[in-house]
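J.: Here's the letter readout for the chains.
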Amino acid sequence: MLKLLKRLTETDGVSGDEHRVRELIKQEISPYVDSMSADSMGNLIAMKKGSAQNPKKIMIDAHMDEVGLIITHIGDDGMLKFGVIGMDQRVLLSKRVLIAGKVPGVIGVKAIHLQEKDERNSVVKKENMYIDIGAASKEEAEGLVSLGDYAAFTTKCEDIGSGRIKAKALDDRVGCAVLIEVLKEKNYPDDVYFNFAVQEEVGLRGAGVAAYRINPDVGIAIEGTTCSDVPGADEHMYSTVMGCGPAISVIDRSSYSSREIVDGLKEAAEGAGIPYQMKRTMTGGNDAGMMQRTHEGAKTGVVSVPVRYIHSPASIVDPVDFENTVKLIKEFLRKGVCCK
Amino acid sequence: MKQLIEKLTSVYGPSGNEEPIREAIRHEIEGYVDEISTDTLGNLIAVKKGGGSRVMLAAHMDQIGLVVTYIDDAGFLRFAPAGGFAVTDLIDRKVIFGNGTVGVVSYENEIKEIKDVTLNNMYIDIGAKDRQDASTKVKVGDIAVYYSTFGGNGDCVTSRALDNRASCAVLIETIKKLKSSPHEIYFVFTVQEELGCRGATTAAFAIEPYAAIAVDVTDTGDTPKSQPMAVKLGAGPAIKVFDEMVMVHPAIKNAMIDEAEKLGIPYQMEVLRGGGTDTGVIALSKSGVPSGCLSIPCRYVHSDSEMADITDMENGVKLLTGLLTDGIRI
Numbered sequence: 001m002l003k004l005l006k007r008l009t010e011t012d013g014v015s016g017d018e019h020r021v022r023e024l025i026k027q028e029i030s031p032y033v034d035s036m037s038a039d040s041m042g043n044l045i046a047m048k049k050g051s052a053q054n055p056k057k058i059m060i061d062a063h064m065d066e067v068g069l070i071i072t073h074i075g076d077d078g079m080l081k082f083g084v085i086g087m088d089q090r091v092l093l094s095k096r097v098l099i100a101g102k103v104p105g106v107i108g109v110k111a112i113h114l115q116e117k118d119e120r121n122s123v124v125k126k127e128n129m130y131i132d133i134g135a136a137s138k139e140e141a142e143g144l145v146s147l148g149d150y151a152a153f154t155t156k157c158e159d160i161g162s163g164r165i166k167a168k169a170l171d172d173r174v175g176c177a178v179l180i181e182v183l184k185e186k187n188y189p190d191d192v193y194f195n196f197a198v199q200e201e202v203g204l205r206g207a208g209v210a211a212y213r214i215n216p217d218v219g220i221a222i223e224g225t226t227c228s229d230v231p232g233a234d235e236h237m238y239s240t241v242m243g244c245g246p247a248i249s250v251i252d253r254s255s256y257s258s259r260e261i262v263d264g265l266k267e268a269a270e271g272a273g274i275p276y277q278m279k280r281t282m283t284g285g286n287d288a289g290m291m292q293r294t295h296e297g298a299k300t301g302v303v304s305v306p307v308r309y310i311h312s313p314a315s316i317v318d319p320v321d322f323e324n325t326v327k328l329i330k331e332f333l334r335k336g337v338c339c340k
Numbered sequence: 001m002k003q004l005i006e007k008l009t010s011v012y013g014p015s016g017n018e019e020p021i022r023e024a025i026r027h028e029i030e031g032y033v034d035e036i037s038t039d040t041l042g043n044l045i046a047v048k049k050g051g052g053s054r055v056m057l058a059a060h061m062d063q064i065g066l067v068v069t070y071i072d073d074a075g076f077l078r079f080a081p082a083g084g085f086a087v088t089d090l091i092d093r094k095v096i097f098g099n100g101t102v103g104v105v106s107y108e109n110e111i112k113e114i115k116d117v118t119l120n121n122m123y124i125d126i127g128a129k130d131r132q133d134a135s136t137k138v139k140v141g142d143i144a145v146y147y148s149t150f151g152g153n154g155d156c157v158t159s160r161a162l163d164n165r166a167s168c169a170v171l172i173e174t175i176k177k178l179k180s181s182p183h184e185i186y187f188v189f190t191v192q193e194e195l196g197c198r199g200a201t202t203a204a205f206a207i208e209p210y211a212a213i214a215v216d217v218t219d220t221g222d223t224p225k226s227q228p229m230a231v232k233l234g235a236g237p238a239i240k241v242f243d244e245m246v247m248v249h250p251a252i253k254n255a256m257i258d259e260a261e262k263l264g265i266p267y268q269m270e271v272l273r274g275g276g277t278d279t280g281v282i283a284l285s286k287s288g289v290p291s292g293c294l295s296i297p298c299r300y301v302h303s304d305s306e307m308a309d310i311t312d313m314e315n316g317v318k319l320l321t322g323l324l325t326d327g328i329r330i
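Protein chains in written order, with the working numbering: chain A, 1 to 340; chain B, 1 to 330.
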């Protein structure tokens, strides 16, 4: 489990640049699926045929892309300007990044000694930051990076505390890992389409076209979602609580979960003694919004692994939550929707 | 019309939980249409069959609601909004759940100024002793709607959920009055409009209409010091020109104007600066659908005491019935 998460999170795949993650997942899952292909946007769609007489189509979706930076300008001094994909600029300062999977850099800003008092007391805007790759000139920098290259954080995936895991990109590589574990099961009653989506962080784009292609009866998005059970937050704003199991959503900004799916997930959890929690906030959206609205509509749900500090260089997950999410999705799929 | 609106506004049906209102509407229109079905998301689709081109009429049946997200130790409920709520519309209002549990919405007492109140520091009080007691009445995921009485003076009525049960009533009456049409007409009572026109999206995909008209309420500009807007209560149904989601197809807009002129029905033109309706998503369905919107002027939209005029709805029925009888040509 740690090995898989390590490979998945240490591979860079900012929105629009998911190919490395896709290749890794392809290799990981090819022995277990009946068919597999990448579509024109780069979604990886793998399918396992159902064992039932009249199987329904279930789409299980996790997105491959992570938040990151894109290089927009190379200065005469060799410093790089960048655009931000899906992130709060306050987490960027002084972080290490890797550009195009090979060139290390540091996000810099004017030294504190040179800042005016009001500069020291205010948030540094991304426009005033740059990436320093150690190049002394524009020519030198251009030999290493190109405009449009992507940059991702360099955080190593490792154990922290008593068995929790620290890594970058857990949103949503932890969801990808759930799909990978779930598809190792022999087969399920329904035809299950596992969609590893692109460009979720920039507007659920990959899932939109993948859902159109698959045209599912039921869609479940698997997310690594906000977990703010931390100092400074009221209990009702925790969103999810670490260690309390997969979080089932009733509503978020992109979809209203179908009651049948929410009930089906709860029944699956309760029947198998799997702990679960209901997500406490409706913030954020995810690929379920696209699946719900595709073609003539699909019944959808969202199941999330609680992850602290998503959209930052270092997030934290409890592997027990991950394992229980795998169990829950397997159990839900074993029960199937075709015979209901 | 007034009795029908009173009946429809009294039925529970928040976004994502439209079953009760769907059954109430189904009951009203049974026998007046050739076919009734419910689709995957829960849209109610009633068809008056015919050989002609398909026309889609849409009115959303969902109302805004508060979804319970957390029950605290003392038995107070925290919530997320399903639909647009202004904090000031919620303070100390009564709400009711699908099972009849009644609550009052209030906010954390230490907050001194109304401007500091947000939906995140508000709660629903159902008078429970503690979490366990509350959990016997309400579960996380249950959804409450405004609980206010229907009233009015003459043609002017006030109620919760006139958005959009007033338009549901207009469609129901149009279904009952329409005798013949060159079109095959799909009357769709849509779900989840308040969450982003979701039901209309999938219904339009399935129906693939030649033309479409949504019916919804719209703001007015006729109250003291209101934002300038040339729509008044009681001055006739409004024909939409545009809102944030759509530029109305000129053929549909003009057909509605021509019909109103022909029948001598009062009407007004609606230019809405904020918001959108099902028209916006139907217009962009598949390769595009010429779409328009008939709007019922309504004050205090999304509060528990919305206000509208019965004559605007009745004139809306006349306009739609006339238009569908004559036929729409793009």
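Note that these hints are calculated values from the structure, not bench results.
Misleading hints may appear alongside valid ones.
What the hints assert, rightly or not - Sample of chain B residues lacking proximity to chain A, with all beta carbon distances greater than 12 Å (derived):
#1 11
#2 72
#3 73
#4 139
#5 180
#6 191
#7 273
Claimed, not checked - Covered by chain A, according to a simulated footprint, are these stretches of chain B (three or more residues, beta-carbon under 8 Å):
#8 35-42
#9 260-271
Here the structure is a predicted model, which is why all the values come from computation and not from measurement.
Every residue gets a Cβ at the ideal spot worked out from N, C-alpha and C, and that includes glycine.
J.: Are the hints correct? Go through all of them and say.
T.: Do the hints match the structure? See the list:
1. 11: Non-interface label on residue 11(B) holds, nearest chain A Cβ at 18 Å vs cutoff 12 Å.
2. 72: violated (6 Å)
3. 73: violated (9 Å)
4. 139: violated (9 Å)
5. 180: holds (29 Å)
6. 191: violated (9 Å)
7. 273: holds (23 Å)
8. 35-42: Holds, because 3 residues of the stretch 35-42 of chain B bring their Cβ atoms closer than 8 Å to Cβ atoms of chain A.
9. 260-271: With 0 residues in contact (Cβ-Cβ under 8 Å with chain A), the coverage given for the stretch 260-271 of chain B is violated.
Comparing the model with each numbered hint stated earlier shows that hints 2, 3, 4, 6, 9 do not hold.
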